[in-house]
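Chemist: Construct the entire structure; sequences and hints are all you get.
Protein chains in written order, with this note's numbering: chain Z, 230 to 485; chain D, 230 to 485.
The set of hints was computed from the structure by calculation and includes no laboratory data. Certain hints may be false.
In this list, chains with the same sequence are indistinguishable; a pair is considered to hold if it fits within one copy or across any two.
Said to hold, decoys possible - Computed list of lysine to any residue pairs in SDA-like fashion (alpha-carbon distance at most 25 Å, straight line): (1) 446 to 315; (2) 467 to 313; (3) 446 to 271; (4) 467 to 293; (5) 283 to 470.
In case you want the letters, here they are:
Protein chains: 2
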Amino acid sequence: MSNVVAKQLVQPLQRGVVAENNPCAACQVRDLSICGAIEPEHLGKLDAIVVHKKLVPGEILFFEGDRSDSLYIITEGCVRLSKMLADGRRQITGFLFPSDFLGLALRERYAYSAEAVDPVLLCRYPKNRLEALLDQFPAMERRLLAVASNELAAAQDQMLLLGRKTALERVASFLMILMRRMQLKGRQDTVSLPMTRTDIGDYLGLTIETVSRSLSKLKRDRIVRFLTAQDMQIVDPKRLAQLAGADDEWKPTTTL
Amino acid sequence: MSNVVAKQLVQPLQRGVVAENNPCAACQVRDLSICGAIEPEHLGKLDAIVVHKKLVPGEILFFEGDRSDSLYIITEGCVRLSKMLADGRRQITGFLFPSDFLGLALRERYAYSAEAVDPVLLCRYPKNRLEALLDQFPAMERRLLAVASNELAAAQDQMLLLGRKTALERVASFLMILMRRMQLKGRQDTVSLPMTRTDIGDYLGLTIETVSRSLSKLKRDRIVRFLTAQDMQIVDPKRLAQLAGADDEWKPTTTL
DNA sequence: CGACGGATTGAAGCACCTCAACGGGAGTGG
DNA sequence: CCACTCCCGTTGAGGTGCTTCAATCCGTCG
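Modeler: Structure, rendered in structure tokens:
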């Protein structure tokens, strides 16, 4: 038991140390992110302005409405973006994973809150200094535009989900999205859900009960299998895709 | 009666002629759109690659899944963007108005369909030639990024609406969005709805009946007043904003 | 072991959907 | 000019999918 605890707590710390001591050149997610647009010989300029940051689960990176002075890239963990109504109703607009970009608001203030779902490591760039870099490296700006374009497409998928899909279709779509993200990093048919059911519900526009019931139905129908409450195995990806409303023949990877 | 017909058909034609004969320098919406990033003396380069296009109501500009070879800027009218599920359920992801940009997908294929709501005029730019221009005019690319960032913020607002707002709140929010758009071009308290109730329903994730009932309630409560079925007057903007869930103190104009 | 937070399951309620009838403006044909 | 049709919007009545409320279960931690 103490082993498990040690693993959970120490491992992120170790990686944090790695991240703090190593320059961008050693970064695992660089190729996947916008930093990949910078030639290796110029990476020092990125190193010069980056600050590494660590978040514990639940920690808030920034609030909706905060002045936006920084941009972030996630190198480890999962971050949720959310918006709230006055009475507390919450909508999660996205879950971010390593290599994802964050804080694209080139506006005055963030339009959403960002919180750590699990232990998170990220690179922080002061907005004005990164903008200066953008002027030097047009390829990076082009890449930023591509990222924005991708996120826009993902947002439109999500609107279709929220506006027109049933509860079961939403949950199936959610698992498909997660699956595709995980495929990028190894595992084929297993998906881990670092976020709570509440988070999933707030992402899908459902209550936790409905999420739970939908997951149970998928389990009952032998489409998925639970290893733990957070780790599942996709037994029948084809049927899952059908349930999700396979609206993505022509789409490569969505950013979630 | 023939006068009315003449007005409807001839007026757009006349403007079309204007648009075809006049270069970008004379464009009414240039300052509002990404073209505004190009210095007046270089506008000829834009003129050189632009093709003007006219759409009749209901006409399809492109389909979800079509190869994306063009980008567009709307100069007149209203365009709806939509995505569909296999069984025909539709989600409208946005309504576009003059000065709005369209086709941002820097990807292989359009992720949504675009159709004219009413008579539409637009400027069409071949994708590769516009990209060449972007290389020459970094300010234009920066502006494109700003546009994308705005649309992303609008998309997130829409997710909150679709995931967590009630029918009445959705309709109120919709009117607020339209109102803000109209304010940019003169009128203060009147809003015109060029789209059908079906379109509105598919935008808000509701049925036409629910849209109609919500509008009737707003009417009964003296918050709005109908001039015709398409033109309404916002009698009590404050209460409308409250109903919409005034989640936008810190936000300037959203792109819809 | 007991307590706590998150997840599951069941039962009842409600907001929105479905189905259906009706109304009104625009176009058509006599 | 009127009768007719068609489409769109409105309104009502009943149905349902998801929510709400509540009880229970389960893994984790003190």
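Chemist: Any hints from earlier that this structure breaks? Give me their numbers in increasing order, please.
Modeler: Result: hints 3, 5 break, sorted rising.
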